[in-house]
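Chain residues, written in single-letter form:
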Amino acid sequence: MNLAFNAGAHGNAPALPGSLSVEPRLSRWLSFSAEGHVTVTPGKVEIGQGILTALAQIAAEELEVALDRVRVMPASTPNSPNEGVTSGSLSVQESGTAIRHACAEARAIHLAAAAARGGLRPEQVTLRDGSFLGPDGAVIGSYWTQAEAALLEVEARGDVAPRPASSRQVAGHSAPRLDLPDKLFGRPRFLHDWRWPGMLHARAVRPPARRATLLDVADGALPAGADMLRDGSFLAVIAVEEWAAEAAAARLARRARWKAEDSLPEENDLSAWLDGTPAEPSVVAERIGPALPPAHSLSACFTRPFLAHASIGTCCAVALWREGLLEVWTHSQGLYNLRADLAVTLGLPPERVLLRHVEGPGCYGHNGADDVALDAALAARAHPGRHVRALWSRAEELGWGPLSPAGLIRIEAGIDGSGQLCHWNAELRGNGHSSRPGRAKDPTLLAAAHLDPPFRLPVAIDAPLAGGGGGQRNAVPGYSIPALRVTMHRLQDMPIRSSALRGLGALLNVWAIESVMDELAALGGQDPVEFRLRHLPDDARARAVLREAAAMCGWPRRAAEDGVGTGIAVARYKNSGAWCAVAAEVEAQDVVRCRRLWIAADLGEVINPDGAANQLEGGAIQATSIALKEAVRFDRRAVTSDSWEAYPVLRFSEVPAVELRLLPRPEEKPLGAGEASLGPTIAAIAGGIHAALGIRPRRLPFTPDTLAEAME
Amino acid sequence: MTTALSVAFTLNGLPVALEAPEGMTLLQALRGPLELSGPRFGCGAEACGCCMVALDGEPRPSCTLPVEAARGRAVETVEGLGSPEAPHPLQEAFLAEQAGQCGWCLSGILVSAAALLRRDPDPDEAAVRAALEPHLCRCGAQNRMLRAVLRAARAMRP
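Keeping their order, the protein sequence lines are chains A and B.
Following our numbering, the numbering of the first sequence begins with 1 at its first residue and continues without gaps.
Following our numbering, the numbering of the second sequence begins with 1 at its first residue and continues without gaps.
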């Protein structure tokens with residue numbers, strides 16, 4: 001959900017590949033140094049997914065230089081191309097494709113320049129690790145000797161073909177992560193580790209309720225070097241030393257008096273809230289084809305709770321306010337978007353806000369990284385000339401960051417007398433999946449709603465399906481169905497701030513669709529794998545991953561023991577991205593556990609196979625946690641699951657064994673690995689529960705309580 | 001709160017001393033005046049393992065431990081395990097297995113894994129899982145970490 005969604009902003013940009021269409025100037029993507037390095041400057045950022053390494057591989061490949069010559073710079077404004085948000089599993093497609101083509105053109109330009117200087121034709125010149133060789137093998141120039149010439153101060157033309165897949169030496173081969181050594185040796189790599197002389201520390205004191213007004217703060221001493229900052233209902237402390245900021249925040253929290261009101265729905269009856277809240281309807285997809293009457297049909301409703309990002313590190317930003325210029329160091333996924341909202345909130349022209357990306361803890365979507373940047377900026381505005389670092393607590397991270405919205409989907413579907421799907425009707429309800437900054441006239445940043453005067457945070461939206469969608473992501477089955485209608489109802493109230501979490505709507509929709517497929521197969525007396533295969537006549541790549549996962553787990557698997565069963569599911573992420581099939585072996589005793597996962601995926605071209613495998617497996621394990629454990633808890637005023645005790649996630653003892661295969665498709669376009677496995681994993685676990693217990697789960701997470709409901 | 005305490009201990013093999021305000025945690029001391037970046041804040045409630053350090057060889061969360069609890073004792077953090085020039089076998093094994101994604105959990109996990117291998121040079125997978133149970137990894141790289149610890153154990157055995 002990024003460039004496609006933003007495309008309108010760029011008008012009739014030339015049809016250059018990937019993000020070159022938004023930033024065609026080659027010098028904005030790469031440069032050479034006389035010391036023998038290539039510097040690549042993407043707009044996408046490292047969020048723990050290994051993108052820097054993949055982009056370095058792509059550059060090394062096209063430029064024909066050793067990988068260790070490539071430096072990938074973290075994004076910044078205004079120096080980096082504006083690549084929107086690092087999201088939607090699109091970084092290799094958008095940034096990687098741009099870098100591949102920019103580097104191919106840079107290579108051709110430099111080679112031509114070297115050839116001209118040597119009095120040779122370009123085809124007489126070869127390239128070895130950045131040096132250009134004449135027909136006699138003598139070096140006639142290099143990227144490094146030509147680094148000073150303004151050769152790349154030109155716009156891409158899109159007329160140089162990248163190296164063919166069959167000749168790739170670096171891209172397509174596993175490479176170790178460039179960022180991992182620092183992280184294994186405890187080197188200061190995260191933003192949280194950076195220190196500036198005289199840096200101050202800020203901590204916010206959040207309200208006791210989502211709807212609350214700060215009345216007053218009782219007088220009292222604060223630790224040495226600590227000050228209070230108050231703007232409307234935004235309350236914070238700023239201190240010279242970090243321990244003092246934390247101690248002061250705890251004291252102020254006790255002294256603050258708030259007027260708090262109920263504003264949240266009843267947690268135990270989310271369906272009633274989802275059904276009763278005004279919503280904007282839209283038709284996601286509709287097919288009216290000739291269909292036979294159903295011989296078997298079913299209708300079912302699937303619901304999911306709010307989910308937290310639950311990164312194990314907390315959000316952080318450092319800000320410096322100096323002479324009307326704001327600099328912010330941030331682990332945001334979208335620097336230009338954040339810049340827009342900071343500028344609006346603080347009343348600054350956007351060009352007076354400079355942002356620099358620094359790595360942070362694992363990011364799985366729109367978390368509090370943007371919010372904490374505003375906290376830091378507000379604190380820095382009160383202390384001009386000093387760097388101020390704001391850091392969230394665990395309670396803020398779990399309780400105040402944007403959450404992935406609850407939702408439900410009702411599906412009514414049937415098969416005809418020959419066992420063929422004949423109709424499908426689905427209705428979705430829930431909040432939108434994007435409150436990302438930079439897209440509306442009002443900011444979406446948490447503290448903006450607490451300032452005096454407050455900003456009214458916009459209700460979350462869903463990108464159009466062509467841009468990846470939000471709640472409706474993967475709501476349209478990839479199966480062949482003659483009569484189909486999918487409708488979405490996006491809620492117009494947002495009591496709990498909702499935004500994008502890895503997978504977005506695919507978490508609910510893939511599970512629901514795949515469960516209905518299992519159930520219809522059973523009604524028609526068909527094997528669930530065969531049933532899916534016969535409904536994928538036009539999608540050979542979906543059939544291939546499903547067959548692969550089935551073969552890996554030995555489908556059909558008969559339960560070896562009581563209470564053990566295996567489920568299987570398949571989906572193409574966003575209906576336009578990677579294909580992934582997952583089989584899950586589930587053991588259901590006092591609680592449900594997932595013992596093993598088998599994952600088969602088709603990611604198109606894979607830049608770093610080991611990195612892609614790591615991402616797919618990580619997504620599947622996060623999905624296992626979501627399937628079995630996770631739900632945001634709240635009362636009528638506030639989120640109460642603001643500790644690990646109240647929001648448990650999967651621990652080492654609960655992690656399933658994983659077997660994973662990537663189908664080789666080096667000639668196909670790259671599709672991204674980060675999110676494809678989540679929906680199918682949840683669905684396969686649900687199928688495994690049915691195989692183990694005979695229950696069809698209808699509500700996430702699959703705990704003894706929700707499974708007992710499904711039994712009734 | 002502002003009463004200063006003199007605390008001296010051994011940090012990664014070297015003596016350190018600081019004047020710590022009363023109430024300061026060991027984690028605040030390590031990341032503050034002692035300027036380390038390996039031990040990380042995750043929750044402040046001993047529930048995630050990000051801040052794990054070895055105190056006289058035993059893994060302990062440092063986020064709730066008062067700094068004076070370290071007085072006269074040996075504190076080891078990930079920085080004490082090895083360096084890029086002289087990596088600990090665990091660090092080599094984690095690199096070989098590419099065992100990590102965002103990396104936030106790694107400093108604590110390496111401390112616990114090193115303590116495990118001191119205590120049990122030949123652990124099975126269940127023993128490694130048990131030793132790492134106090135640690136969260138949200139990115140889902142646990143299986144790689146289990147393989148890495150077992151690989152390091154093999155490498156360290158004579």
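These are computed hints drawn from the structure, not numbers from a lab.
Remember, predicted model here, so these are calculated numbers, not experimental data.
Backbone N, C-alpha and C define an ideal beta-carbon position, used for all residues, glycine too.
Some clues are possibly wrong.
Here are a few chain A residues that face chain B, going by a calculated C-beta distance under 8 angstroms [said to hold, decoys possible]: (1) Gly48; (2) Pro164; (3) Ser311; (4) Pro361; (5) Gln526; (6) Glu530; (7) Trp555; (8) Ala620; (9) Arg633; (10) Asp635.
Each pair of labels, with its calculated beta carbon distance range [as the list claims (entries may be wrong)]: (11) A/Ala710 x B/Glu68: 30 to 36 angstroms; (12) A/Pro349 x B/Ala126: 43 to 49 angstroms; (13) B/Ala86 x A/Pro78: 41 to 47 angstroms; (14) A/Gly385 x B/Ala126: 35 to 41 angstroms.
Open item on the list: Tell me the hint numbers this structure goes against, listed in increasing order.
Closed with: 2, 5, 6, 7, 9, 10, 11, 12 and 14
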